[in-house]
Amino acid sequence: MKKYKNYYVPSFFLILSILGIMAAKVSSNFILGELYNRFVRNGIFLLALILPIMAGMGINFSITIGAIAGQIGMLLVIDMGLEPKLGFVVAIIFSIILSIIFGNIIGTILNKAKGKEMIASMVIGFLGTNLYQLIFMVGYGTVIKPFNPDILLTRGIGVKSMLDAGNYRNLYRNILPIKIGDAEGSLIPIIIIVLVGVIVYLITKSKIGYHIKAVGENMVLSEKLGINVDRTRRTSIVLSTLLASLAQLMYIQNLGVLNVYTGHLNLDIFSAAALLAGGATFRKANIRNAFIGIFLFHTLFIVSPLAGQNIFKNPALGEYFRSFIAYGTIVFALMINLKQTEN
Amino acid sequence: MRMKKLKFKIEPPQLIIITYLLILTISLKFIHISYIDMINDSLIKWVMNGVLVLSLVPMINVGAGRNFGLPIGISAGLVGMCIAIEFRLTGWIGFITSIFFGVVVSILFGYIYSFILNKLKGNEEIVGTFVGFSFIPIMSLFWSLAPFKNRQMLYPVGGQGLRPKINLENYFSKILDSFLEINIGDLVIPLGLILFFLLLCLIVYLFGKTRMGITMAAIAENEVFVKLSGVNINKYRTYGIIFSTILAAIGIIVYSQSYGFVHLYDGPFMMAFPAVSAILIGGASKKKATVFQVMLGTYLYQTTFLLSVPVANVLLIPEMSEVIRMIVTNGIILYAFLYEGVKKTNEKI
Amino acid sequence: MEILRVENLSKDFNGIMALNNINFNLKEGEIHGIIGSNGSGKSTLMNILFGSKHIRQTGGYEGNIFIYNKKVEIKNTYDAIKLGIGMVHQELALLGELDISSNIKINRENIIDSTKILGNFAIVDVDKNNDDARVSLSKVGIDIDSRIKVKDISSNLKQFIEIAREIDNTSLKILILDEPTSSLNTRETKMLLSHLKEIAKSGISVIFISHRLEEVTQICHRVTVLRDGEIIGQYEKEDYDINKLALDMIGKEVVQTLKKKNKSTSNPILSFNNIEVSYRNNIYTDISLDINEGEVLGITGLAGHGQELFGYGLMGLYHMDGDVRYKGEKLNIKDSNAMIKKGIYLLPNERKEMGLLLNHSIWENLVFESYDKQNKFMKYPRLKHLSPLNYKAIYRYSNNMIEELNIKVRDIEQEIRELSGGNQQKVCIGRAITINPEILFVGEPTRGIDIYSKEIILDMLLKLNEEKNTTIIISSGEVSELKRVCDRIAVMYENKVFKIFHKDFDSEEFSLAISGRRLNEDEEA
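Chains as they are written, first to last, in the numbering used here: chain A, 2 to 344; chain B, 92 to 440; chain C, 2 to 526.
Calculated from the structure, these hints are not laboratory results. Take the hints with a grain of salt, since some may be wrong.
What the hints assert, rightly or not - Take a look, some chain C residues computed to stay more than 12 angstroms from chain A by CB distance: (1) R109; (2) E110; (3) S155; (4) M192; (5) S195; (6) T266; (7) D336; (8) E495.
Stated by the list, open to error - Listed below are the simulated DSS-like cross-link pairs for lysine-lysine, each with C-alpha atoms no more than 30 angstroms apart in a straight line: (9) C:K150 - A:K214; (10) A:K161 - A:K208; (11) C:K377 - B:K300; (12) C:K83 - A:K214.
Cβ coordinates follow ideal geometry from the N, Cα and C atoms, glycine included.
Input sequences plus hints: build the corresponding full structure.
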């Protein structure tokens, strides 16, 4: 029985998804197409959560900050008006630099909040969002002069809430094209995500990965064995932030629009819930959980508003249901995990 | 009886908020805003949010942490108000009926909430946050499906279920605000409102002085010690959590009558953070909060943001006041997490 | 050749000397036994040598440590490891989720050469790790697949793996073993001991801490006995005498008994019949003890042998199951909250952690939750739990108490944390007097308390026993104190009552019982 325990949560989601698909009455092509898009947009976020979990810090809700690094990178290249190909590369460079800086700050803060990393990382996410809003809503046009005044609101202060990134959508058009369901896309983003997955896997097999696992299991002991606990934890957060920033770039590229103030919100909750749906816990997560979770959770996400529409004639009910599932999954995981650590 | 010294320690959170308050007060002078108006508004804002902040006290003092699950108690209060509106009860009857049903529902909700928190001792804050968050969609389903009939609460056209913001104008809007109002020149003192708040504060204060209140405070400091004294810890925690939930329900009713609307659906979503921030500004710690800290913290917190609105408007960036408010709110909470001391690793080897 | 020398080493914890002017040396390739009872200072000595955080946080140590005649300062564990010191703790320090080889090679992982350039991100060479692990394991005589996760192997094997981890460190010079055989059976113990000899022959010096005297005498080249923070004796191999060593450990001073009248009866007030107790992930079964009405019963034993388990089990700190009879009636031991109402009260070993509200005042600690017994402390007893307190009555009572018990305080409002250990303990006993139980469990009543206060506290307990006929059970490692106040002393060994001694017993027999041996006992079966 114990052996199958890891599959309880995924099986539950599988059943819910199947019921949802039946109730939604949509074509499989529609679902597949949506899944392709969501896989491309969210896949790396889930991978970004794995290393902090291994390091014993639980869910890193401050991947929001990593996403902000990606948002800033993209915003800057749009502002500079670069060519999509060059722009994307520059955006990647910007976000990497920013996310390394941000990651070190977050890691240092979380090392001071040992034992309550999750709620602290959440508040860090909120606080970072507020500071980001302050810079782009208030700072732009007053203190900071943009290259291109068109990105500002008509009153001349604050960046518009939506910027067009449409030309980035076509970045890999016609390169390895595939058609998945209703979505016509390219194989490239899938290859990128799988590659990132492999890199994360290799990190877990490296020296630092061994130390992350040791620290995750027992900080006091690791310290005694001569491992620099704080630095190891910080490294895991930097890597997580870095991956989240790349994930956000993938997201914006696929969407073709930069939602300046909202594009990075809630993805922490949904990524966490998706990873947990894939069978991860707050102390244990692996690549497989991420890939299983993203399909199960997002299938449910795609079909539940439609199911709500069909059953209750009210799509809002489906939306409530799916946000309940997202939060509820996390509560459920908290109950299971904290109970286990007690014993 | 012996008076304990009122201690108000100036630490970075207090320092920041007081400095900010001073800057705003001075800048008001330059933009010709009347101080009297501001004082009038500040008294209303004080009580409007004060009861919600007060609701954190019993849980902190029983060692169940700062109640980030505030939306649970708030939801109970919202249900209470919806029941009163459904029966078209207006004025005092409506207000009192709201409180009555709010309390009944909050006892139920509080009991369920305490059941979860007692299972996950020591992690109340993260658990509370997510239980609170997941309560929002559950309640949203309820608002959409519950068989309320009063047209004034339902979606006007299309849509199903209750509307997101129910106007209280015909019911009990401002009922406390205008009760026993005293006018001294331009100064308007909402005496009834303040008395109501002080009454609740007194109840919480007196409860803290009872045998049970004193034992609860000891649970916050040292659970094992109290257990060895033959006290059923979980039972006391349950009482504390239910007490907090009841106060939160009353809190949202007081809030709504000032606000003039019942805000359903996403309304309670982010209400816990400002309340927690306010009590931290008052100087409360994770395990001990006093009524005085609630009153002081709420006043400082709410007044600061009240003053920032006209200033931001003059600068032509109205969003600024809200953004800065959120930065201060979250910054103070984060500060508290960091400086409450790292989890002690009792290393003996 | 001398590898380690310790000169005039002293360490105090808040004014209480844990180690007093220790001089000690260790030769290359020597196995040096260190024995001593609880609180003798042997773990403090080891903690200093291994740079434990605890030592640093409590103000460091005094005296000098030399390695190869070079003065060294051991500020933290990292320093100790660099100096070639390795330690295997009694509480196992292994990571259960990692496999055996990863545990052995932790922080010394082999790296695949071609990825060396990646620094910390270089990929670990699992095969080479396994090879190394196998070599180290064979040195301690173990042959096991090193890819198994540590959590899946028996705790006996874990002991070996930990030693293998230390040996795997090629710069290891001094290996400290803290009670390495405590969880092993006879065969495994033999195997470990013979491999330790081999390890020592290869040039590594071993400090071997144990209370099993026959093991110590069997493999150690020299033995040092510690008692009360001082070195009592040091013996070369040819001078070993187990009985003398045992007496050295316990001490032999003839003491005047404090107990005056013997009012104790032989009818049991509380009996434990083959109960089961579990704590720290271990289950102990078949534990029995009868406590007689009106007696002062001492319970002693070495640390970790369960002298506290009766009181802790009843109060729900440890999980207890089975047949417990109180005044002939079966107790519902699941309901630990009801014990106080029935008249059973516990003052725990960990006075500061569990026995006091440190941030509260004296009076609150004196009367806390005694209100059911002392109705007068409530203003309106009819309101029950919602009654405010009657401060007048409480203050009068508390002022009387501090006078009567001679508690030295500024006033009754003073916070407990500001008091000395002795006065804190007096407050604890004061609360027990307020609650007035029929049976009082007291854990380590004199731990961390100055000599003068110790006497007063023992007197207080005896007075309580004589005047109110309270049955008192004292669990303590301070055997000489127990001898003076107790009617009977139960010796615990491996969480069972090993033997119960009545007044005027043989010291030698007693000291052997502590380490689980009987007089005239043949070779262990």
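Which of the numbered hints are not met once you compare them with the structure shown?
-> Of the numbered hints given earlier, those the structure breaks are 1, 2, 10, listed in rising order.
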